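Asks: Okay, here's what each chain looks like letter by letter:
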Amino acid sequence: MKGLLREFSKGIFQENPIFVIVLGLCPALAVSVSLENALGMGLAASFVLVFSNFIISGIRNIVPSRIRIPCFIVIIASFVTIVELLMAAFSPQLAKQLGIFVPLIVVNCIILGRAESFASRNKILPSLLDGLGMGLGFTLALSVVAAIREVLGSGKILGFTLFKGYLPATIMVLPPGALLTLGILIGLTNIIKSKIRR
Amino acid sequence: MNNKLLLSVSPHMHKKETVSIIMWMVSLSLLPSGIAGIFIFGPKALWIILTCIITAVITESGILSLRHKRITIMDGSAVLTGLLLSYNLPPDLPIWMACIGSFFAIAIAKQAFGGLGRNIFNPALAGRAFLLIAWPKYMVTFSKPFTYPDSITCATPLTLIKEGNADNIYQLGLNYLDLFLGNRSGCIGEVCIVLLLLGAIFLLWRRIISWHIPLSFISTLALLSWLWGGSQIAQGDVLFFLFSGGVILGAFFMATDYVTSPLTERGQIIFGIGCGLLTFVIRKWGGYPEGVSFSILIMNAVVPLLDRFCRPRIYGYIK
Amino acid sequence: MDAGTILSIIIGMVFINNFVLSKFLGLCPFLGVSRQIKPAVSMGLAVIFVMTLSALLTWLVYRFVLVPLNLIYLRTIVFILVIASFVQFVEMVVLKKSPALYRALGIYLPLITTNCAVLGVTVLNINEFFVNGKPISASFTLSLMQSFFAGVGFTLALLLMSGIRERLDLVDVPRHFSGIPIAFIVASLMSLAFMGFNGFRF
Numbered sequence: 001m002k003g004l005l006r007e008f009s010k011g012i013f014q015e016n017p018i019f020v021i022v023l024g025l026c027p028a029l030a031v032s033v034s035l036e037n038a039l040g041m042g043l044a045a046s047f048v049l050v051f052s053n054f055i056i057s058g059i060r061n062i063v064p065s066r067i068r069i070p071c072f073i074v075i076i077a078s079f080v081t082i083v084e085l086l087m088a089a090f091s092p093q094l095a096k097q098l099g100i101f102v103p104l105i106v107v108n109c110i111i112l113g114r115a116e117s118f119a120s121r122n123k124i125l126p127s128l129l130d131g132l133g134m135g136l137g138f139t140l141a142l143s144v145v146a147a148i149r150e151v152l153g154s155g156k157i158l159g160f161t162l163f164k165g166y167l168p169a170t171i172m173v174l175p176p177g178a179l180l181t182l183g184i185l186i187g188l189t190n191i192i193k194s195k196i197r198r
Numbered sequence: 199m200n201n202k203l204l205l206s207v208s209p210h211m212h213k214k215e216t217v218s219i220i221m222w223m224v225s226l227s228l229l230p231s232g233i234a235g236i237f238i239f240g241p242k243a244l245w246i247i248l249t250c251i252i253t254a255v256i257t258e259s260g261i262l263s264l265r266h267k268r269i270t271i272m273d274g275s276a277v278l279t280g281l282l283l284s285y286n287l288p289p290d291l292p293i294w295m296a297c298i299g300s301f302f303a304i305a306i307a308k309q310a311f312g313g314l315g316r317n318i319f320n321p322a323l324a325g326r327a328f329l330l331i332a333w334p335k336y337m338v339t340f341s342k343p344f345t346y347p348d349s350i351t352c353a354t355p356l357t358l359i360k361e362g363n364a365d366n367i368y369q370l371g372l373n374y375l376d377l378f379l380g381n382r383s384g385c386i387g388e389v390c391i392v393l394l395l396l397g398a399i400f401l402l403w404r405r406i407i408s409w410h411i412p413l414s415f416i417s418t419l420a421l422l423s424w425l426w427g428g429s430q431i432a433q434g435d436v437l438f439f440l441f442s443g444g445v446i447l448g449a450f451f452m453a454t455d456y457v458t459s460p461l462t463e464r465g466q467i468i469f470g471i472g473c474g475l476l477t478f479v480i481r482k483w484g485g486y487p488e489g490v491s492f493s494i495l496i497m498n499a500v501v502p503l504l505d506r507f508c509r510p511r512i513y514g515y516i517k
Numbered sequence: 518m519d520a521g522t523i524l525s526i527i528i529g530m531v532f533i534n535n536f537v538l539s540k541f542l543g544l545c546p547f548l549g550v551s552r553q554i555k556p557a558v559s560m561g562l563a564v565i566f567v568m569t570l571s572a573l574l575t576w577l578v579y580r581f582v583l584v585p586l587n588l589i590y591l592r593t594i595v596f597i598l599v600i601a602s603f604v605q606f607v608e609m610v611v612l613k614k615s616p617a618l619y620r621a622l623g624i625y626l627p628l629i630t631t632n633c634a635v636l637g638v639t640v641l642n643i644n645e646f647f648v649n650g651k652p653i654s655a656s657f658t659l660s661l662m663q664s665f666f667a668g669v670g671f672t673l674a675l676l677l678m679s680g681i682r683e684r685l686d687l688v689d690v691p692r693h694f695s696g697i698p699i700a701f702i703v704a705s706l707m708s709l710a711f712m713g714f715n716g717f718r719f
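First to last, the sequence lines map onto chains A, B and C.
So the first sequence is residues 1 to 198, counted in this note's numbering.
So the second sequence is residues 199 to 517, counted in this note's numbering.
So the third sequence is residues 518 to 719, counted in this note's numbering.
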């Protein structure tokens, strides 16, 4: 039981996909303009992550190892297509804002990375929990970046104005602000990690 | 062993002057133009200059003490960064923005890389670019000279010509002497060309800067402006293009920064040509009226490659 | 299609909408392969090649297979398969024909399959140069040019970054910031510098 809990919780801080493993950065930067986009992206990626981990772990003994990567990609791409169609149907506004980053979940390194390094070697239940934890960690990291950028860059959070009279620093919602925020956050994570170790 | 070997990144320069003397000399040579700026735009320019310098010094010492390093404020590099940043800001900028720009210049563009001598980008220009992208409206609002205390806003000559409000400087009610003495709207330290040139001559005479970067920068820009700057080919108003923006300040005082410019003479000439070319391209076709700071920043990123491919050949070594 | 359009695509894809610094595509190889100059150049060239030819293939597949068969919702799956098999094919050809080139580029080819810049540019081409399943005028040429110069922009960013990182290796960047965090800060400042081209028009 303890082991299972660990599989779930490791993705949130110790092995946070963005701040610690530093994978799946493209969406983390591109869609973190607002918290709403970040939550949408986190949800979509977690959905794909959980289901692809589930299926891949289920078929791990059937697929010959030489063609496993193409198989993984097809499975992931199928779930991404499902997400794409669902999002276009139920939340066209969000689909439009996330743009090409929805189909690009296919090549999000976290998903293929977890498939290859975890789901293809573990039983179904741990793989599910791993997917859930990693998805949650990804969503959390994305939300932190997005919240910082949205507050500083447009003076709002989830669309609500926070302070009257604040002059938003436009740079934070533009590409340099994204790179800067992530760089500083990864640096801070390093500092926190070394403090904990000590 | 550790105490005997000192490893540090190039440039390793052997001169009688120490780093701090060079920094203070550059600051000194910049001083007259700043005083002229205060005279032209009023006391608010002085507040911006002081804010930038004080913020830079406080940020630098704060970060150095956080990193448990010796506090080397007296080397003058933080003062110079603050001074240069303030020279690149419009006199009407809110004081707190100048403060943030100066903090960014020191904390991110300089100290995150490890401090003096390690930075890749010119800190003052990085601070200016940050402010320009963050609060564009405030960074392009300039005041007319000699209209303080209640200043009248007025676009810079480059902006007016770019937006097609005038074809030449006489239509703007200016003449070349105005440009030369600084009787125009613009950033605090860039307007008084004559005093900037005096400072530059002083630095050249003391051999603190070499002629390679300024000459190649300015002559490339002059040539391109002459050829394509006017309405017809080879009709461009070269003097106007050189004296109406931040070219003189940029070419002599910022592109020549030891840390962020190439080491070899060949590299420096390529660097200067690149700055001139990019400045012209941004001025002519870009969205911003002035491209000096962006072009120097872009070329800063190329410097490591220039240093690598312009290495002097080792004597007797055959490839 | 006039010179202005072509120049706008070049400046747009190389500087303003630089794939790495402005659209955040291909960040993983940008951080992973930018420690030294030589591998960075090899990776950049491989990406230019794969991007351009993938764009060609996916354009043809989309135009002549997916649209007539009414299968455009399968775009993502089909494109990633086309790219993966194309990269595999190139790898085999290069290994057979030129072992020297394989040694230089070989290990980068598999990495390119999961480079989101490649899938990204093919999806962008379809989004921009097709309207309701019909190609706009000069759609094919525009797609190829956009992909090629996106690759050039990627290579430029990678090359500059590798030069800077080689130099940063020699200095004592604050310990917690060395490696990835400082690479991001450099990328941020580069992106800031490239913003000077914003609003570019002929």
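What the hints contain is simulated information worked out from the structure, not anything from laboratory work.
These numbers were taken from a predicted model, which means no experiment stands behind them.
Please note: incorrect hints may appear among the correct ones.
For lysine-lysine, the following PhoX-like pairs were computed, each having C-alpha atoms within a straight-line distance of at most 25 Å [as the list claims (entries may be wrong)]:
1) LYS651(C) / LYS96(A)
2) LYS2(A) / LYS96(A)
3) LYS164(A) / LYS360(B)
4) LYS193(A) / LYS335(B)
5) LYS335(B) / LYS242(B)
6) LYS10(A) / LYS164(A)
7) LYS195(A) / LYS342(B)
8) LYS267(B) / LYS242(B)
9) LYS156(A) / LYS2(A)
10) LYS156(A) / LYS342(B)
Asks: Each of the hints needs a verdict: does it hold here or not?
Replies: So, going through the hints one by one against the coordinates:
1. The suggested pairing of LYS651(C) with LYS96(A) holds, with an alpha-carbon distance near 20 Å, which does not exceed 25 Å.
2. About 42 Å separates the Cα atoms of LYS2(A) and LYS96(A), which puts this hinted pair outside 25 Å; it is violated.
3. Proposed proximity of LYS164(A) and LYS360(B) is contradicted: the alpha carbons are some 35 Å apart, above 25 Å.
4. Our distance criterion of 25 Å between C-alpha atoms is broken by LYS193(A) and LYS335(B), whose separation comes to about 40 Å.
5. For the proposed pair LYS335(B) and LYS242(B), the alpha carbon gap of about 18 Å is at most 25 Å, so the pair holds.
6. The hinted pair formed by LYS10(A) and LYS164(A) fails the criterion: a straight-line CA distance of about 40 Å is larger than 25 Å.
7. This hinted pair does not check out: LYS195(A) and LYS342(B) have alpha carbons roughly 53 Å apart, beyond 25 Å.
8. For the proposed pair LYS267(B) and LYS242(B), the alpha carbon gap of about 35 Å is over 25 Å, so the pair is violated.
9. A C-alpha spacing of about 40 Å is found between LYS156(A) and LYS2(A), which places the hinted pair above 25 Å, so the restraint is violated.
10. Between LYS156(A) and LYS342(B) the alpha-carbon distance is near 35 Å, which puts this suggested pair outside the 25 Å criterion.
Hints 2, 3, 4, 6, 7, 8, 9 and 10 from the earlier list are contradicted by this structure; the remaining hints agree with it.
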